[in-house]
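Colleague: Based on the sequences and whatever the hints tell you, model everything.
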Amino acid sequence: MASLGVKVMRPGLWIGLGVMIAGGVLSLATSAAAETHVVEMRGFEFFPAEVNVAIGDTIVWVNKDVVPHTATAGDGAWDSGLMETGDEFSLVVEDTVNVGDYVCTFHPTMVGVISVD
Amino acid sequence: MFRKIFLSCAAGLLAVLGASSANAEDGGLNDMQIAHIAYVAGQIDIQYANIALERSHNTDVRAFAETMLRDHKSVNDAALALLEKLGASPEDNPTSQSLQASAAAKRAELKALKGAAFDRAYAANELAYHQFVNKTVEGTFIPAAQNAEFKDLLGVALATFKVHEGHAEALVGKLGK
Chain A
16 MASLGVKVMR PGLWIGLGVM IAGGVLSLAT SAAAETHVVE MRGFEFFPAE VNVAIGDTIV
76 WVNKDVVPHT ATAGDGAWDS GLMETGDEFS LVVEDTVNVG DYVCTFHPTM VGVISVD
Chain B
48 MFRKIFLSCA AGLLAVLGAS SANAEDGGLN DMQIAHIAYV AGQIDIQYAN IALERSHNTD
108 VRAFAETMLR DHKSVNDAAL ALLEKLGASP EDNPTSQSLQ ASAAAKRAEL KALKGAAFDR
168 AYAANELAYH QFVNKTVEGT FIPAAQNAEF KDLLGVALAT FKVHEGHAEA LVGKLGK
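Chains as they are written, first to last, in my numbering: chain A, 16 to 132; chain B, 48 to 224.
Rather than coming from a laboratory, the hints here were simulated on the basis of the structure. Take the hints with a grain of salt, since some may be wrong.
[As the list claims (entries may be wrong)] With a cut-off of at most 25 Å between alpha-carbon atoms, the simulated BS3-like pairs for lysine-lysine come out as follows: (1) A:Lys79 - B:Lys198; (2) B:Lys182 - B:Lys209; (3) B:Lys120 - B:Lys182; (4) B:Lys221 - B:Lys161; (5) A:Lys79 - B:Lys120; (6) B:Lys198 - B:Lys209; (7) A:Lys79 - B:Lys132; (8) B:Lys120 - B:Lys198; (9) B:Lys158 - B:Lys221; (10) B:Lys209 - A:Lys79.
[Claimed, not checked] Computed far set for chain A versus chain B, every beta-carbon distance over 10 Å: (11) Glu50; (12) Thr51; (13) Val53; (14) Gly71; (15) Val75; (16) Ala92; (17) Ser105.
Predicted model, so just to flag it, every value in this text is computed and none were measured. Backbone N, C-alpha and C define an ideal beta-carbon position, used for all residues, glycine too.
Modeller: Shown next as structure tokens:
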């Protein structure tokens, strides 16, 4: 009965079902895809100060200030090095080693946090 | 030591503000004069930082001095870029000259010191210097600036120097008396 039911579906319904399935697959693919999070350095602060990510996501820091900054893990596990105005630094969050507090080593009051879902 | 440095800076800045007042009576500081003073103030701190890097072995002092070098150079470069864009040139004036004279005396004082005494004197001077520069930029220069872009840049510079002031205060506390 079930197969008969399928057979009698009008072409329009087949198309609709196809769209629904494709949409579902696309949705799954989107939710599983890595995201990119942008953190701006401006006014001697990280914006946002805390970024929540999933493993595999990428964080991109952009220096919008007039002076150089760094984004450096509190435990030294990663370090952007000196970032001039307009420079960008990307970090792929591969595992939990990359999470936690980070700072600008030039301006110790600039602190940020990476947390993982 | 800190009191002596503080009073020395106060005397220098009072001379600066006195010169500013004199200019104000003649119609006030113009943007190009303010730009010159701000540029000179940055160069003076770069010179202090160079002395620190020559004389200090303290990791915190050296890191602070390197930050002063980077940041003041960046701010001054931004100021020069803006002036170039505006087709203007900084204008020397009595206030800039007073600042330079006070700084020369301070450099001589610092160069006569070494070790922990130098570190403390350098940090105390940085704190006092940034406090007075910030007060001048915020209370005199920004209100007087006419060009909107220049006024904005002074605001950016002030934000930078306030961070330096906080950093210097922390350094003074860490080095102790």
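Colleague: Compare the structure with each hint and give your call.
Modeller: Structure-based check of each hint:
no., hint, result
1, A:Lys79 - B:Lys198, "holds, 18 Å"
2, B:Lys182 - B:Lys209, "holds, 10 Å"
3, B:Lys120 - B:Lys182, "holds, 21 Å"
4, B:Lys221 - B:Lys161, "holds, 18 Å"
5, A:Lys79 - B:Lys120, "holds, 16 Å"
6, B:Lys198 - B:Lys209, "holds, 16 Å"
7, A:Lys79 - B:Lys132, "holds, 20 Å"
8, B:Lys120 - B:Lys198, "holds, 19 Å"
9, B:Lys158 - B:Lys221, "holds, 22 Å"
10, B:Lys209 - A:Lys79, "holds, 18 Å"
11, Glu50, "holds, 31 Å"
12, Thr51, "holds, 27 Å"
13, Val53, "holds, 21 Å"
14, Gly71, "holds, 34 Å"
15, Val75, "holds, 22 Å"
16, Ala92, "holds, 20 Å"
17, Ser105, "holds, 23 Å"
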